[in-house]
Amino acid sequence: MAAGLAAPAFELEGITKRFGAVIANDAVDLRVAAGEIRGLVGENGAGKTTLMGVLYGMHRPDGGTIRVAGRTRRFDSPLDAIRAGLGMVHQHFMLFDSLTVAENVVFGSEPARGGVFDLAAARRRVARLAERYGLEVDPDSRVGRLPVGVRQRVEILKALYRRAEILILDEPTAVLTPGEQSALFEVLRRLAAEGAAVVFISHKLREVLELCHRATVLRGGRVTGTVETARTTADELSRLMVGKKVVAPQVPVHELGATVLGVESLEVRGRHGRSALHGLDLTVRSGEIVGVAGVAGNGQSELAEAVAGLRPPAAGRVLIGGADLTHAPIALRRRAGLAYVPEDRDGTGLAVAASVAENLLMGFEGEPRLAPRGVLDAEAIDARARGVVERYAIQVSHVRDPAATLSGGNRQKLVVGRELLRDARLLVVEQPTRGVDLSSIEVIHRALGDFSAAGGAVLLISSELNELMTLADRIVVMYGGRLVGELERDNASEERLGLLMAGAA
Amino acid sequence: MRPWRTALAGLEGPLVAVGGAVAAGALFMVATGHDPLAAYGAMITGALGGRGLGNLLATLLRAAPIVGMGLAAAVAFRAGFFNLGGEGQLVLGGLAGAVVALALPGGGLLTALLATLAALLAGGLWALAAAFFEIRFRVPLLVSTLLMNYPARLFASYLVNHPLRDVGSGLPQTERIAGGVELARLGAGGRLHLGVLVVAATVLAAAFVVRRTRVGYRMRMAGLNARFARAGGVDLDRLGYGVMFSSGALAGLVGAVQVLGVHHRFIDGSLTDPLWAWTGLMVALLCGSRPLGVLVAGLFFAAVQTGGFGMERATEVPRELSRVLQALIILFVAAQARFGFGGGEREGTG
Amino acid sequence: MDLLGLFDATLLGSLPRFATPILLAALGGLLCERAGVFNIGLEGLMLAGAFGAVVGSYFGGGALAGVGVAVLAGLALAALLALFAVTLRGNEIVIGIAINLLASGLTVYLLRSIFGVKGAFQDPAVVGLPIHRLPGVEALPFLGPLLSGHSSIVYLALAATAAIQLLLFRHVIGLRLRGVGEHAEAAMTLGVGVDRLRYGAILASGALCGLAGAQLSLGNVTLFVENMSAGRGWIAVVAVMFGRAHPLGVLGACLLFGFTESLGFRLQGLMLPSQLTESLPYMVTLASLFVFRARASRG
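Residue numbers (the working numbering), protein chains in the order written: chain D, 1 to 505; chain B, 1 to 350; chain R, 1 to 299.
Among the clues, some could well be false.
[What the hints assert, rightly or not] Which residues of chain D face chain B? A partial, calculated answer using Cβ under 8 angstroms: (1) P8; (2) A328; (3) I330; (4) P342; (5) L350; (6) E358; (7) L361.
[Said to hold, decoys possible] Negatives, chain B to chain R, calculated, CB over 12 angstroms: (8) L154; (9) L186; (10) S270; (11) T279; (12) L281; (13) R313; (14) L321.
Please keep in mind that the hints were generated in silico from the structure rather than gathered at the bench.
Where a beta carbon is used, it is the ideal one built from N, C-alpha and C, also for glycine.
From just these sequences and the hints, can you work out the full model?
The following block contains the structure:
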């Protein structure tokens, strides 16, 4: 492997970045050679995204130096980084849905004659670039209509169009099917072979071992090791990531009872009026955790929202505890025992400008204990809030402080804590640990387990296959708005789930 | 200590806005050849001083409709509804009040109450229509309420110019209402009337509802993040109807108070020319739609306006400077995003 | 009443005059909308233009000076709007409201400071916009009164519609503007100056609204009246929505709204109470919102 011998494409030396009191990066060194694919791994909050943000000019470092192709650089904005030959594929795509592929790729550096946009030239150049790197796209398609995998190719083309020699990809496989993933890997290998330096940020160790030449592990903002992937194992990497040997949690066996959630032939229209669910059938029983796997955008959110009452179904039925609540108002579903932890924490789960206590009151303001004769009892509300804060170890100095002052993990515990306060028999939970720190994940997972052990029914929608395989009794897989498979926990593996998620089985 | 800290944190923004506007206004006066110190001095005397506290009483009298319309706007804004239709709701309220007061035989307290009730209904229903258009037909409330001001104003103008015109006076106005229906004066000979107390009591009641009750909690949360409130089980449609009706009814109440307490008839333009609705709207924006804040900010804007009269008498500066100052204050308020509508951050900006 | 008889030269001739101020303001609103700025200050910008036009014409000795000052007044107020909306990142709705109230207060204040009058200002020294008669076209039935006999601002508005259509869909600036409005962050990561484009759009709306105001106070009449924009800026806001921020769609919406205004004007000539005929444009504008069906504004 020649990668180690080539000149470094970029070097980070002693990079330190603080956000207030939090040190996101602590004297980090990273040196990547031209032609190398480098994995950057670590748990959520380990500092991977911040480090790449520093390299890409999005954050100004508090200390350390950046060298690109041997020259010391200072990036005040991503534009400086782009000019120095960097390109980044963000986790959330930075694309214009209403524009075509060609327009998206050339945006900002358009071919033009006297200011008049030369669309023909743009299409020609994009087509040529796409062909050269084997990135199959139609330059004239509107980006909003393209599948996720193709959109990612557009992002890569954007970087290549700007002659990027260093390509950073932030969790690029999170939204891809296994087929799309191997196509992406082909492209990245080809780019590296042509001399590009590739940084692949991921927490999926298997992928890092498969794709990368070397992997650098971050933990708590520091580098804990850089290893040759050919000479390491997933176990060793995860030890570097977590700091101790990972023990698979003991999975309790659940006592299953009566059916709590019944979903029958459910049809739901999605955001663009297109059908998002096609006749879906599903049941969750008392004491059962049913996991829902699938690549984002295959109807999981619509399922959760239809059960929670945020999205009216076009046809079919939703039953909670045997009662038909298909078109019932949300308050009635809540009374029937529904608890809901939405995917969009700040947009749906919380009013971040409101206080912790006020956030914990939502949905309970009708209780006579908290609002006798319609008048709020501030003492009772605060006392109750302090109870939740204590039980879930939520880090906040006062329950009257705004929820906006809390970290992501604490906000998530706030939502979970509120929803589990109610006398619920069904919990619908989406992405319970996305962007959440390790200790909060532990608290949340334990809360879900306790709820189910006490006889609650859980519908768990997650993109973390590990989370599904450790918590769920059985896992159903969604593809194109349908259930395409179901695996008992004992039969589930990442490979089998991956095939189902791709709609291949 | 904490309640104090939050109260002070809430004041910082408005104070910065007022300071900024006063400074900008001073620059403006210097540019147009006036002495800002003399003008501001005359303004303060004009608002608070005067023989026998005459100016202060004038400020109080002026504050009643401003605070009332401020409350009308604040109730809607706090729950996240952009009601810009205060003017039309105010006019229809005043008109309905005058019509009922004139139409009912006898007069007296009962008639005054019925006239007020009619005003509440007229203002409330006009606002409710806009809520219905938004909820049922997704017609944006911000624009519909604003546009609905014009037909309301023109309709009232048509009535007092044609069918309801007091032919004897030769002016576009209705006949004078019976003496017994007029709101009682406070103290002999003064211009202050019972309506001032009605408005003050309404503000206190609204403050209690918004801060301390279940309904107020739902309003506040819907204003901060509507989707959060909906997912929690709040019926946003019902809340919207209730809030918009209340907002319009409060505007209608102000119409009745002005008609029964000040003009004693409906005069064309008498509720729109002083810009009560727009001043009230600015008051709500200045105080982050907090009801008690409406009282303070409303008194402040009333003082700026009566002060404007004093300034005009004492210096060469036209009193319309008050309107410039008020608008500048709101411009500075707008610069502080967290003092936008609903008194907090909007959905997704956190 | 003979309905067809309504469509006489008065009606047709007044249509372009009434449609033009709304169209110019709406084109400004359209540019802002495309750049991702919800500009509800059009009303105030137009009012500032109307006042500026009268000031310019009175002191500058002619309509051209009037138009110049109108554009400058629109630009100045728009610069203030841009400063607060773009640089200081304030709440667009509150800023729009403040700009409208500021324009209304400032024009009344300056009306008294400069001319010493209240309510309205009319003077022989205020020169109105000249009328252009198109030879050949003038004599045609229907088309004659429709196309001929208008101020240059009317023709300019049509040219501006075409120019903005080309700018948006053929020029690099248009592509960037559309991108900025759709996903500002993405444009920023590609080094496109989001703030600069937004300033440009807002300033352009100021100039266009200034022209709209000049048409109001020097074209349709030759005087300034307090709040003479009378909600036309808001009708323009609706025209942007109704025309889906597309120049040709906005042109259509403005022709419709202008037509209702001229119809009201025409009906007034038939001895209907002016209050009823004047409310016609607002009612039709309101009705058009039912067709438009805005994207749900709440959760």
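Hint-by-hint comparison with the structure:
Against a cut-off of 8 angstroms between C-beta atoms, the interface hint on P8 of chain D is violated, since the closest Cβ of chain B lies about 40 angstroms away. Proximity of A328 of chain D to chain B is violated relative to the hint, the smallest CB-CB distance being about 11 angstroms (cut-off 8 angstroms). This hint holds: I330 of chain D has a C-beta 5 angstroms from the nearest C-beta of chain B, less than the 8 angstroms allowed. Annotation: P342 of chain D was flagged as interfacial toward chain B, and the flag holds, the nearest CB pair being 6 angstroms apart, inside 8 angstroms.
Contact between L350 of chain D and chain B, as hinted, is supported at the beta carbon level, the nearest pair being about 6 angstroms apart and thus within 8 angstroms. This hint holds: E358 of chain D has a C-beta 7 angstroms from the nearest C-beta of chain B, less than the 8 angstroms allowed. Here the hint on L361 of chain D is kept, as its CB sits about 7 angstroms from the closest CB of chain B, short of 8 angstroms. Non-interface status of L154 of chain B relative to chain R is broken: a Cβ of that chain comes within 12 angstroms, the nearest being about 4 angstroms off.
A cut-off of 12 angstroms between C-beta atoms confirms that L186 of chain B is not in contact with chain R; the least separation is 32 angstroms. Remark: the non-interface label on S270 of chain B is consistent with the geometry, its nearest Cβ contact in chain R lying 16 angstroms away (cut-off 12 angstroms). With a closest Cβ-Cβ approach of about 9 angstroms to chain R, T279 of chain B is found to fall inside the 12 angstroms limit, against its non-interface label. Taking the minimum C-beta to C-beta distance to chain R, about 7 angstroms, the non-interface status of L281 of chain B is violated against the 12 angstroms cut.
Residue placement check: R313 of chain B keeps its beta carbon more than 12 angstroms from all beta carbons of chain R (closest about 14 angstroms). The non-interface label for L321 of chain B is inconsistent with chain R: the shortest C-beta to C-beta separation is roughly 6 angstroms, within 12 angstroms.
Taken one by one, the earlier hints fail for this structure at numbers 1, 2, 8, 11, 12 and 14, listed in ascending order.
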